[in-house]
Every structure is written in structure tokens, then in C-alpha cells.
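*Asks:* These protein sequences, in sequence, are chains Y and E. The numbering of the first sequence is the numbering used here, which starts it at 1 and goes up by one. The numbering of the second sequence is the numbering used here, which starts it at 1 and goes up by one.
Simulated from the structure, these hints should not be mistaken for lab results. As the structure is a computational prediction, the values presented were derived from the model and not from experiment. Where hints are given, some of them may not hold.
[Said to hold, decoys possible] Dumping the calculated DSS-like pairs for lysine-lysine here, alpha-carbon to alpha-carbon at most 30 angstroms: (1) K78(E) - K47(E); (2) K15(E) - K118(E); (3) K59(E) - K74(E); (4) K105(E) - K114(Y); (5) K113(Y) - K113(E); (6) K15(Y) - K117(E); (7) K74(Y) - K52(Y); (8) K117(Y) - K105(E); (9) K15(E) - K118(Y); (10) K95(Y) - K59(Y); (11) K117(E) - K105(Y); (12) K74(Y) - K114(E); (13) K15(Y) - K118(Y); (14) K105(Y) - K122(E); (15) K113(E) - K26(Y); (16) K105(Y) - K74(Y); (17) K74(Y) - K47(Y); (18) K15(E) - K47(Y); (19) K15(E) - K52(Y); (20) K26(E) - K105(E); (21) K114(E) - K105(Y); (22) K26(E) - K15(Y); (23) K117(E) - K65(Y); (24) K114(E) - K118(Y); (25) K74(Y) - K113(E); (26) K15(Y) - K114(E); (27) K65(Y) - K15(E); (28) K74(Y) - K117(E); (29) K118(E) - K105(E); (30) K118(Y) - K65(E); (31) K122(E) - K78(Y); (32) K95(Y) - K52(Y); (33) K118(E) - K114(Y); (34) K117(Y) - K117(E); (35) K15(E) - K15(Y); (36) K15(Y) - K105(E).
There are 2 protein chains.
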Amino acid sequence: MAGSVGDKYYDVFLKYRLWLSTTNDKGILGDGRFALLNEIDITGSLKSAAEKTNISYRKAWGSIKEAEEQLGFKLVEKQRGGKDGGNSRLSPEGKQLLEAYTELKEDFDQSVKKITKKFFNKINK
Amino acid sequence: MAGSVGDKYYDVFLKYRLWLSTTNDKGILGDGRFALLNEIDITGSLKSAAEKTNISYRKAWGSIKEAEEQLGFKLVEKQRGGKDGGNSRLSPEGKQLLEAYTELKEDFDQSVKKITKKFFNKINK
DNA sequence: TTGCAATATGTTTTTTCAAACATAACGGGT
DNA sequence: ACCCGTTATGTTTGAAAAAACATATTGCAA
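The task is simple: from the sequences and hints, build the whole structure.
*Replies:* Set out below in C-alpha cells:
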């Protein structure tokens, strides 16, 4: 989206980030973990989810672990060994959190869209 | 703010950041530069503004410069030398951008407040 | 009982980004 | 001509985050 200030013209976008955080400012769920949980839900595998979201398995695993430690409950139920080597799926709480966050994001996007419109109308004289 | 997912209880906050960015993803104006510009407007000095916002002069100066390079116009008109050593004040465009962003922030905060309320109502069943 | 694929973790290296440090230039006032 | 406070900028150091690397463990199935 483009805008102008006075007679000066430029290309700018309104961007935002949103995330859930603990009292002590440790991130719980933002875009990164959201994508990860989402893919786990779809693929049933932490490894696949990591690949899909373009992060290393090591990072994905650590990321989930961190969040769980902060929350005090499991987001993902994982099993290792077995015919497929193992698998991962969202815990009920993980699933609910994912869903709640999904809606939250939608609400946010909608609001931002409105505000953006208003903002650029204003800025463009 | 507290919430629960299923029967699991935890303390979480909804956090967010908002900023203006160019097409190539270079930040133009977020909370940091906003505070800086604001203080420049008040104090008439980049040095004072840096102190007030708790960043080094070096950083403040570089931050303004970066934004200006991206935008292609000056946000701050600066003079050096003279009886007071020099001074800085917002350009007309800088002033207008500051004002527009102020309103933007207000709108955004308002929306977030509503969304937050809804979110935590939902999460707490 | 061996192989396989995925989960589980510790360790090391690289990258990135911020903070600190150092120094120059400017121009009015004394 | 020099002093002072502020703007202007290059350089170096340090710390934190991310990526890369290395290995172990598990349990089904052949």
C-alpha cells in the first residue's frame, strides 16, 4: 500500500505481530509456534511440521518444549519408536489453544484491515 | 490476565507490536522511532531525545537516518554548531507522520482491547 | 536381532544485532 | 583564535539468538 505525507510519496505497509506471553515475558504462542502446531495437527509428525515450516527439527522440538514448560502442560503428545518411527499430535489443550489463537488472528487481521484503510485514507490527504 | 484451556490454568498476556514498514520489509516507524520523534518534537534536540528514550545518541541518530533513507525524505531537520551546539526538529513531513501514527496507535489499542476481552472470555469457557 | 524412521538432547559454530568506544566537524559566543 | 555543546560517523567489542553438528533412544516389523 502506498501513501504520502504532505507532498512526499512513499511505499509503506502497516505491519503487526501478536503473540501470547507469560507474566515473565516468555513467548508462548506467536506466528512461529502457531504454524508449527498447525502443521503437527495436519501431518501428525514433528519432523514433517518442522520441514513444512522451514525450521530444523532441533529448533522445532525445543520450541515446543519451551512453551510447554512455561504453560505447565503439554501441547503435543509425542511417541517414538514403532513402525513409523514415531508420531506427534496435539494434546486436547494444544488443539484448543490453536483454535482460540486462530480466531484471535482472524479478528486481528480484520481490525488491522479496517485501520489500515482509514490510516491510508488520512495520510493520502 | 489469566486464562484456562480446558481444565488447565495459566497466566498469559496478549502482546502485540505495530509498525510501518517498506515493501522490502525495512521498518520505518514503530514504537522506538515513535518515542524518539516525539521527544525530538518536545525537546528540539536529538541528544536529549536519545537520553529521554534511553538509547545512545549513536543509535538514535542512525535510527532516524535509516528511516529517512527508506522513505526518501527527511523526518528531522538538524543543525549543528551555533550557540547551543545545534538543534533538531521535525520536518513538516515528520510531524505529519508522527501525528498520523499517533492516531493509528490509538485506534489499534482500542481494537486490541476489545479483541483481548473477547479472547479471554472465550478461553475461560 | 537388525534396520528403520522419528523423537530426544547435548555441544559447537555462525550469524546477527546491540552497545560501547573513539573522533571529527560545525558555528555562535567570548 | 579558541571553547562548548551538539550533530555526524567509523570502528570495535560483546552478547544473544539461530543454525549446524553430532549422537542417543525407542519400538515395530521383517
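*Asks:* Each hint needs a verdict: does it hold in this structure or not?
*Replies:* Now the hints, each set against the structure:
1. Our distance criterion of 30 angstroms between C-alpha atoms is met by K78(E) and K47(E), whose separation comes to about 11 angstroms.
2. With a C-alpha separation of about 15 angstroms, the suggested pairing of K15(E) with K118(E) holds against the 30 angstroms cut-off.
3. This hinted pair checks out: K59(E) and K74(E) have alpha carbons roughly 17 angstroms apart, not beyond 30 angstroms.
4. For the proposed pair K105(E) and K114(Y), the alpha carbon gap of about 13 angstroms is at most 30 angstroms, so the pair holds.
5. A distance of roughly 16 angstroms separates the Cα atoms of K113(Y) and K113(E); the hinted pair therefore holds under the 30 angstroms criterion.
6. Taking the CA atoms of K15(Y) and K117(E), the gap is near 22 angstroms; set against the 30 angstroms cutoff, the hint holds.
7. At most 30 angstroms may separate the alpha-carbon atoms for a hinted pair to count; K74(Y) and K52(Y) meet this at roughly 22 angstroms.
8. Restraint check: the Cα-Cα separation between K117(Y) and K105(E) comes to about 14 angstroms, which is no more than 30 angstroms; the hinted pair holds.
9. Proposed proximity of K15(E) and K118(Y) is supported: the alpha carbons are some 23 angstroms apart, at most 30 angstroms.
10. Using a Cα cut-off of 30 angstroms, the hinted pair K95(Y) and K59(Y) holds, with the two alpha carbons roughly 21 angstroms apart.
11. For the hint linking K117(E) to K105(Y), the alpha-carbon distance of about 14 angstroms falls within 30 angstroms, and the restraint holds.
12. For a cut-off of 30 angstroms, the pair hint linking K74(Y) to K114(E) stands: about 29 angstroms separates their Cα positions.
13. The hinted pair formed by K15(Y) and K118(Y) meets the criterion: a straight-line CA distance of about 15 angstroms does not exceed 30 angstroms.
14. Between K105(Y) and K122(E), the direct Cα distance comes to roughly 14 angstroms. Compliance with the 30 angstroms bound is thereby established for this hinted pair.
15. About 21 angstroms separates the Cα atoms of K113(E) and K26(Y), which keeps this hinted pair within 30 angstroms; it holds.
16. Straight-line distance between C-alpha atoms of K105(Y) and K74(Y) comes to about 22 angstroms, which keeps the hinted pair within the 30 angstroms bound.
17. The suggested pairing of K74(Y) with K47(Y) holds, with an alpha-carbon distance near 18 angstroms, which does not exceed 30 angstroms.
18. Our distance criterion of 30 angstroms between C-alpha atoms is met by K15(E) and K47(Y), whose separation comes to about 29 angstroms.
19. As the CA atoms of K15(E) and K52(Y) are separated by approximately 26 angstroms, the hinted pair is consistent with the 30 angstroms bound.
20. Between the alpha carbons of K26(E) and K105(E) the distance comes to roughly 19 angstroms, so the proposed pair stays at or under 30 angstroms and holds.
21. The hinted pair formed by K114(E) and K105(Y) meets the criterion: a straight-line CA distance of about 13 angstroms does not exceed 30 angstroms.
22. Our distance criterion of 30 angstroms between C-alpha atoms is met by K26(E) and K15(Y), whose separation comes to about 11 angstroms.
23. For the given pair, K117(E) sits about 28 angstroms from K65(Y) by alpha-carbon distance, which is consistent with the 30 angstroms threshold.
24. The suggested pairing of K114(E) with K118(Y) holds, with an alpha-carbon distance near 18 angstroms, which does not exceed 30 angstroms.
25. Our distance criterion of 30 angstroms between C-alpha atoms is met by K74(Y) and K113(E), whose separation comes to about 29 angstroms.
26. A distance of roughly 19 angstroms separates the Cα atoms of K15(Y) and K114(E); the hinted pair therefore holds under the 30 angstroms criterion.
27. Proximity of K65(Y) to K15(E) is assessed by CA-CA distance (about 21 angstroms); at most 30 angstroms being required, the pair is judged to hold.
28. At most 30 angstroms may separate the alpha-carbon atoms for a hinted pair to count; K74(Y) and K117(E) meet this at roughly 25 angstroms.
29. Under the criterion of a C-alpha separation no larger than 30 angstroms, the hint pairing K118(E) with K105(E) is consistent with the structure, at around 20 angstroms.
30. Between K118(Y) and K65(E) the CA atoms are separated by roughly 28 angstroms; this keeps the pair inside 30 angstroms, and the hint holds.
31. In summary, the hint linking K122(E) to K78(Y) is supported, as the alpha carbons are separated by about 27 angstroms, within the 30 angstroms threshold.
32. Restraint check for K95(Y) and K52(Y): the C-alpha separation of about 19 angstroms stays at or below 30 angstroms, so the hint holds.
33. The suggested pairing of K118(E) with K114(Y) holds, with an alpha-carbon distance near 18 angstroms, which does not exceed 30 angstroms.
34. Pair hint K117(Y) plus K117(E) holds up; C-alpha atoms about 24 angstroms apart against a cutoff of 30 angstroms.
35. For the suggested pair K15(E) and K15(Y), the alpha carbons sit about 14 angstroms apart, so the restraint of at most 30 angstroms is met.
36. For the hint pairing K15(Y) with K105(E), the CA-to-CA distance comes to about 12 angstroms; that is within 30 angstroms, so the pair holds.
In summary, this structure violates none of the numbered hints.
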